[in-house]
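Protein sequences, first through last, are from chains X, C and U. Quick note, the working numbering runs 18 ahead of the 1-based positions in the first sequence. Quick note, the working numbering runs 49 ahead of the 1-based positions in the second sequence. Quick note, the working numbering runs 23 ahead of the 1-based positions in the third sequence.
Simulated from the structure, these hints should not be mistaken for laboratory data. Among the hints, a few may not be true.
Said to hold, decoys possible - Listed next, the in silico SDA-like pairs over lysine to any residue satisfying Cα-Cα at most 20 Å (straight line):
1) LYS26(X) x TRP83(X)
2) LYS200(C) x TRP83(X)
3) LYS32(U) x GLU99(C)
4) LYS26(X) x PRO203(X)
5) LYS32(U) x LEU68(C)
6) LYS263(X) x ARG88(U)
7) LYS144(X) x SER547(X)
8) LYS58(U) x GLU99(C)
9) LYS263(X) x ILE75(C)
10) LYS32(U) x VAL154(C)
11) LYS363(X) x LEU375(X)
12) LYS200(C) x ALA114(C)
13) LYS58(U) x ASN101(C)
14) LYS263(X) x LEU68(C)
15) LYS263(X) x LYS32(U)
16) LYS32(U) x ALA114(C)
17) LYS32(U) x ARG88(U)
18) LYS200(C) x GLY84(X)
19) LYS363(X) x ILE303(X)
20) LYS500(X) x LEU558(X)
21) LYS32(U) x ALA127(C)
22) LYS32(U) x ASN101(C)
23) LYS32(U) x TRP209(C)
24) LYS263(X) x LEU63(C)
25) LYS200(C) x PRO91(X)
26) LYS263(X) x GLN85(U)
27) LYS263(X) x ILE189(C)
28) LYS26(X) x VAL88(X)
29) LYS32(U) x THR204(C)
30) LYS200(C) x VAL88(X)
31) LYS200(C) x VAL92(X)
32) LYS58(U) x ALA127(C)
33) LYS58(U) x SER64(C)
34) LYS263(X) x LEU70(C)
35) LYS263(X) x TRP209(C)
As the list claims (entries may be wrong) - Counterexamples of contact, computed for chain C against chain U with all Cβ distances above 12 Å:
36) PHE90
37) LEU146
38) VAL154
39) SER166
Idealized CB from N, CA, C, for every residue including glycine.
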Amino acid sequence: MAAASGLKPILKGLSFALVGLLIGAGLGLLFTSLTNRPSTEPVIVLGYVFALLGWLLGVGLWDAWGREWVGLPVQGEAGHDWRRFFRFTTDHKIIGVQYLVTFVVVMLLAGIASVLMRVELMAPGKNILGPNEFNTTMSLHGIMMIAVAVATIIGGFANFLLPLMIGADDVAFPRINALSYWIIPPVAVLLLLTPFFGGFDSGWTAYPPLSVINAHGQLLFLLAFLTFGVSSILGGLNFLTTIIKLRAPGMTWGRLPIFVWSIFAAALISLTATQFVAYGLLMIILDRVVGMSFFRASEGGNPLLYEHIFWFYSHPAVYIMILPAFGIALEVLTHFSRKPLFAYKWVVGAFLGIVGLSFIVWAHHLYTSGMPNSLHIPFMVTTELISIPTGVVFLAALGTIWMGRLWLTTPMLFAIAFVFNFLIGGVTGIFLADVPTDIQLQDNYFVVAHFHYTIMGGEIFAIMAGLYYWFPKVTGRMYHEKLGKVHFWSMFLTYNVTFLAMFWAGIQGMNRRVADYIPDLAGINLFVSIASFFLAASFLILVYNLVRSWARGTVASASPWRARTLEWQTSSPPPLENFPHPPVVVGHPYDYGVPGSVHAAPAPVGGGSEDER
Amino acid sequence: MVEATASHPVHDRLSINRLGLWLFIISDSFLFAALLSSRFFLQGVHRPAELNQPLGLVISIILVASSLTAYRSEMAAAHGDQRGFRNNILMTIGLGLLFIIGVGVEWREAFTHFPPSTGFGTIFFTLTGVHASHVLSGLILLGIVLFLGRKGRFTSGSYWGVEGAVKYWHFVDVAWVFIYPTLYLVS
Amino acid sequence: MHRTELPSKMRLGFIVFGVLIVIEIIEYVLGVNMKGGAWPLLAVLAVIGAWPIVQYFMHFTQLWRREE
Numbered sequence: 019m020a021a022a023s024g025l026k027p028i029l030k031g032l033s034f035a036l037v038g039l040l041i042g043a044g045l046g047l048l049f050t051s052l053t054n055r056p057s058t059e060p061v062i063v064l065g066y067v068f069a070l071l072g073w074l075l076g077v078g079l080w081d082a083w084g085r086e087w088v089g090l091p092v093q094g095e096a097g098h099d100w101r102r103f104f105r106f107t108t109d110h111k112i113i114g115v116q117y118l119v120t121f122v123v124v125m126l127l128a129g130i131a132s133v134l135m136r137v138e139l140m141a142p143g144k145n146i147l148g149p150n151e152f153n154t155t156m157s158l159h160g161i162m163m164i165a166v167a168v169a170t171i172i173g174g175f176a177n178f179l180l181p182l183m184i185g186a187d188d189v190a191f192p193r194i195n196a197l198s199y200w201i202i203p204p205v206a207v208l209l210l211l212t213p214f215f216g217g218f219d220s221g222w223t224a225y226p227p228l229s230v231i232n233a234h235g236q237l238l239f240l241l242a243f244l245t246f247g248v249s250s251i252l253g254g255l256n257f258l259t260t261i262i263k264l265r266a267p268g269m270t271w272g273r274l275p276i277f278v279w280s281i282f283a284a285a286l287i288s289l290t291a292t293q294f295v296a297y298g299l300l301m302i303i304l305d306r307v308v309g310m311s312f313f314r315a316s317e318g319g320n321p322l323l324y325e326h327i328f329w330f331y332s333h334p335a336v337y338i339m340i341l342p343a344f345g346i347a348l349e350v351l352t353h354f355s356r357k358p359l360f361a362y363k364w365v366v367g368a369f370l371g372i373v374g375l376s377f378i379v380w381a382h383h384l385y386t387s388g389m390p391n392s393l394h395i396p397f398m399v400t401t402e403l404i405s406i407p408t409g410v411v412f413l414a415a416l417g418t419i420w421m422g423r424l425w426l427t428t429p430m431l432f433a434i435a436f437v438f439n440f441l442i443g444g445v446t447g448i449f450l451a452d453v454p455t456d457i458q459l460q461d462n463y464f465v466v467a468h469f470h471y472t473i474m475g476g477e478i479f480a481i482m483a484g485l486y487y488w489f490p491k492v493t494g495r496m497y498h499e500k501l502g503k504v505h506f507w508s509m510f511l512t513y514n515v516t517f518l519a520m521f522w523a524g525i526q527g528m529n530r531r532v533a534d535y536i537p538d539l540a541g542i543n544l545f546v547s548i549a550s551f552f553l554a555a556s557f558l559i560l561v562y563n564l565v566r567s568w569a570r571g572t573v574a575s576a577s578p579w580r581a582r583t584l585e586w587q588t589s590s591p592p593p594l595e596n597f598p599h600p601p602v603v604v605g606h607p608y609d610y611g612v613p614g615s616v617h618a619a620p621a622p623v624g625g626g627s628e629d630e631r
Numbered sequence: 050m051v052e053a054t055a056s057h058p059v060h061d062r063l064s065i066n067r068l069g070l071w072l073f074i075i076s077d078s079f080l081f082a083a084l085l086s087s088r089f090f091l092q093g094v095h096r097p098a099e100l101n102q103p104l105g106l107v108i109s110i111i112l113v114a115s116s117l118t119a120y121r122s123e124m125a126a127a128h129g130d131q132r133g134f135r136n137n138i139l140m141t142i143g144l145g146l147l148f149i150i151g152v153g154v155e156w157r158e159a160f161t162h163f164p165p166s167t168g169f170g171t172i173f174f175t176l177t178g179v180h181a182s183h184v185l186s187g188l189i190l191l192g193i194v195l196f197l198g199r200k201g202r203f204t205s206g207s208y209w210g211v212e213g214a215v216k217y218w219h220f221v222d223v224a225w226v227f228i229y230p231t232l233y234l235v236s
Numbered sequence: 024m025h026r027t028e029l030p031s032k033m034r035l036g037f038i039v040f041g042v043l044i045v046i047e048i049i050e051y052v053l054g055v056n057m058k059g060g061a062w063p064l065l066a067v068l069a070v071i072g073a074w075p076i077v078q079y080f081m082h083f084t085q086l087w088r089r090e091e
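Next up, chain X with everything else stripped away, as it sits in the complex (with noise of 0.2 Å):
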């Protein structure tokens, strides 16, 4: 019966979802009998809202929040055992972890997707997908890695670590990241659910005209992409918010910890671009189910229109996903490598400046899409420029790391890895920026092999770094070591053998997003399968390691790391309330070796921070 009760608000949730989806395929059957349009996508579409809505205020939304609408006092929960990880509640460190449990499982679901892709593509001809199933693989392990790099640093990590790094007591609006946290599981369920309604095959870019003429499947993709697009604004005003006013006394913009101004940066493209992709997927979805007119040539429509409207969010969206990811690494390496973090500074500014460019690049993703040839040359301008600031960070990290004492642990060889890997990410996107080499590599596996460099070879890498480095403080307990090891080298091995053969497939020819190649690519293809099936095996040794380490690991100290930045200055895990005594920050948070230099230090007891503001 403990599970039962634990799982009450979640049980309540998903009634009200349903009566929430009655109410709405009733409405929509109500307006379609109006009209002689076909009922199946309105019913699905006001079903789908109506369902979220009944979600949201059945697991707490309700409680927590809407009764102070209507002039009730809200009804708050506490709990301290496993069922408060089920919960609507607003503590950050519980939703931080919400958010990372979920979306490692979700990068294991679509980590099996990219499985069966491999061996579909082991040798030519069919071999267990069709192609629409392969197309439909292909869009889901797509989807939710993209929703996997968004999320997972900045609602996981950022969560449970940015307002302890800052030394607050929670974020700034901490029941609309409980709500931007709980609006995720239904788009979970919708993604799953695509395959029953006929997939998707229009890949997680869902170009039109393919997007509105295929399957129902598209419109569960586009309903899911929009509520997570929500979730991914509400996230960005919470951080912008509570680094901006939160900060402890002392916490000056200059003595930010990198990891926070990477969040900052981040936070500041989620918070604006995202509003870009809503309304393109708006307009796929007034075009199906109303009969609007945006896509169709006929009454001037034109699908330029959404590749423009996609890509002004989804160039800067893969800076949402790697700046939080060199905030990481650089956040490893200078603790690692006992050093102050080399051009701090430089940092921040190439942090900014990446934002800046990040709006004005684009184009780039339509050089072969029949835009005027005008922008050609503007857009690969721009596009190059943004490898400026990006050399800047890789630089910092070098200079970290040069003539440092370094300390070879499982999360400093993945952020060194992260080095790596996004060197040859960064050098091959300079073929894909210049417009004469991209007419050649457009489309092929050259494309592929340099996005998950930069994405998975990045930040993937990151998001290991950070997994294995804030583990002791988010768990109390520290991870196997060894075990850590292997899997690193496992993984950095079978990761670059895979992806470096497929530069080499895409220059031969092979083609992206399809189930079957020309026999001369079958050598190659088979190559590229195994490598991948032995990079998927070294994810298993990963989530042995972690359960593991979260159920018997040994009881880690408050610091194991002896590093200076705030969240290691409290408990682990930290309190409640974070910090029994709120710290004021006195120094630079990476002054390793230099004497006397302090970052924090405890207030002085009985609430005498107050005159330091």
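Please build the complex by placing chains C and U on the supplied structure of chain X, with the hints as guidance.
This is chains C and U only, laid out in the frame that chain X set:
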């Protein structure tokens, strides 16, 4: 301030709320920027002759007037004038409803001249529809504020609910200041 | 805030309202009478119209200025 042991003391709450709302407004204005840019991308400055320009002017003036009453209600709440606050909120809601009715009349005409399946109709219905959904959500917020105000929840020292709803309402007005010429006047 | 400030605040509201009405009517006259080429003027007028709302109705400067 002995009770302020938490990292952020109570008196920061108002400025935190304000910043959060402004960030939301900035975010939302990107949505309107996308809407406006799609109008020019797809239709250029084309405007069908059947568009009811005088009605556009009338509903614009109604919305601006509702911004005035919203401002007056916030000021009244800030100075503890409970009656002025409630009356002005009520007037704002009335003007907002009038605006929605105006859009409804406009939509009826539009359905016959340029239905949503046509090029201009797509833009027209999407822009006015997204804006009207903002108006409706603003009306709901104002309704909640009126309800809570009747219960005496706001004082001259604590009226964030009023301020927040009114700011959002002004934002909806600002969005219309850009949408109105984009739809009704350019040619 | 003092109660005595209220009338002057209310007057400010009417002034902003009046300015906005004038701008909207100018926009309307331009839009109806100019055939083509009106859009740059309209864009400028829209910005001029949005500014007093943001400044006087929404109190944008409260964000960084401490209120009395």
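Hint check results:
A hinted pair counts as satisfied when its Cα atoms are at most 20 Å apart, and LYS26(X) with TRP83(X) qualifies at roughly 18 Å. Restraint check for LYS200(C) and TRP83(X): satisfied, since their Cα atoms lie roughly 18 Å apart, inside the 20 Å limit. Between LYS32(U) and GLU99(C) the alpha-carbon distance is near 42 Å, which puts this suggested pair outside the 20 Å criterion. Simply put, LYS26(X) and PRO203(X) have alpha-carbon atoms about 16 Å apart, close enough for the 20 Å limit, and the pair holds.
This hinted pair does not check out: LYS32(U) and LEU68(C) have alpha carbons roughly 23 Å apart, beyond 20 Å. Proposed proximity of LYS263(X) and ARG88(U) is supported: the alpha carbons are some 14 Å apart, at most 20 Å. Annotation: proposed proximity of LYS144(X) to SER547(X) holds, straight-line Cα distance about 15 Å (limit 20 Å). The suggested pairing of LYS58(U) with GLU99(C) holds, with an alpha-carbon distance near 15 Å, which does not exceed 20 Å.
Proposed proximity of LYS263(X) and ILE75(C) is supported: the alpha carbons are some 18 Å apart, at most 20 Å. At roughly 35 Å between alpha-carbon atoms, LYS32(U) and VAL154(C) are farther apart than 20 Å, so this suggested pair is violated. A C-alpha spacing of about 18 Å is found between LYS363(X) and LEU375(X), which places the hinted pair at or below 20 Å, so the restraint holds. Straight-line distance between C-alpha atoms of LYS200(C) and ALA114(C) comes to about 26 Å, which puts the hinted pair past the 20 Å bound.
For the hint linking LYS58(U) to ASN101(C), the alpha-carbon distance of about 16 Å falls within 20 Å, and the restraint holds. This hinted pair checks out: LYS263(X) and LEU68(C) have alpha carbons roughly 9 Å apart, not beyond 20 Å. Restraint check: the Cα-Cα separation between LYS263(X) and LYS32(U) comes to about 29 Å, which exceeds 20 Å; the hinted pair is violated. Annotation: proposed proximity of LYS32(U) to ALA114(C) holds, straight-line Cα distance about 16 Å (limit 20 Å).
A threshold of 20 Å between alpha carbons decides the hint, and for LYS32(U) with ARG88(U) the separation of about 18 Å falls inside it, so the pair holds. Proposed proximity of LYS200(C) and GLY84(X) is supported: the alpha carbons are some 16 Å apart, at most 20 Å. As the CA atoms of LYS363(X) and ILE303(X) are separated by approximately 44 Å, the hinted pair breaks the 20 Å bound. Restraint check for LYS500(X) and LEU558(X): the C-alpha separation of about 15 Å stays at or below 20 Å, so the hint holds.
Between LYS32(U) and ALA127(C) the alpha-carbon distance is near 11 Å, which keeps this suggested pair within the 20 Å criterion. For the suggested pair LYS32(U) and ASN101(C), the alpha carbons sit about 36 Å apart, so the restraint of at most 20 Å is broken. Note on LYS32(U) and TRP209(C): the hinted pairing holds, with a Cα-Cα distance of about 18 Å set against a maximum of 20 Å. Simply put, LYS263(X) and LEU63(C) have alpha-carbon atoms about 11 Å apart, close enough for the 20 Å limit, and the pair holds.
As the CA atoms of LYS200(C) and PRO91(X) are separated by approximately 14 Å, the hinted pair is consistent with the 20 Å bound. Only pairs whose Cα atoms come within 20 Å are accepted, and LYS263(X) paired with GLN85(U) is accepted, the gap being roughly 14 Å. Simply put, LYS263(X) and ILE189(C) have alpha-carbon atoms about 29 Å apart, too far for the 20 Å limit, and the pair is violated. The suggested pairing of LYS26(X) with VAL88(X) is violated, with an alpha-carbon distance near 24 Å, which exceeds 20 Å.
Under the criterion of a C-alpha separation no larger than 20 Å, the hint pairing LYS32(U) with THR204(C) is consistent with the structure, at around 18 Å. Our distance criterion of 20 Å between C-alpha atoms is met by LYS200(C) and VAL88(X), whose separation comes to about 10 Å. Our distance criterion of 20 Å between C-alpha atoms is met by LYS200(C) and VAL92(X), whose separation comes to about 17 Å. Distance restraint check for LYS58(U) and ALA127(C): the Cα-Cα separation of roughly 47 Å exceeds the 20 Å cut-off, and the hinted pair is therefore not satisfied.
Annotation: proposed proximity of LYS58(U) to SER64(C) is violated, straight-line Cα distance about 47 Å (limit 20 Å). Proximity of LYS263(X) to LEU70(C) is assessed by CA-CA distance (about 13 Å); at most 20 Å being required, the pair is judged to hold. For the suggested pair LYS263(X) and TRP209(C), the alpha carbons sit about 17 Å apart, so the restraint of at most 20 Å is met. Remark: the non-interface label on PHE90(C) is consistent with the geometry, its nearest Cβ contact in chain U lying 14 Å away (cut-off 12 Å).
Residue placement check: LEU146(C) keeps its beta carbon more than 12 Å from all beta carbons of chain U (closest about 19 Å). The Cβ of VAL154(C) lies farther than 12 Å from every Cβ of chain U, with a closest approach of about 18 Å, so its non-interface assignment holds. Distance to chain U confirms SER166(C) as a non-interface residue, since its nearest Cβ pair spans about 26 Å, more than 12 Å.
Comparing the model with each earlier hint shows violations of hints 3, 5, 10, 12, 15, 19, 22, 27, 28, 32, 33; every other hint is respected.
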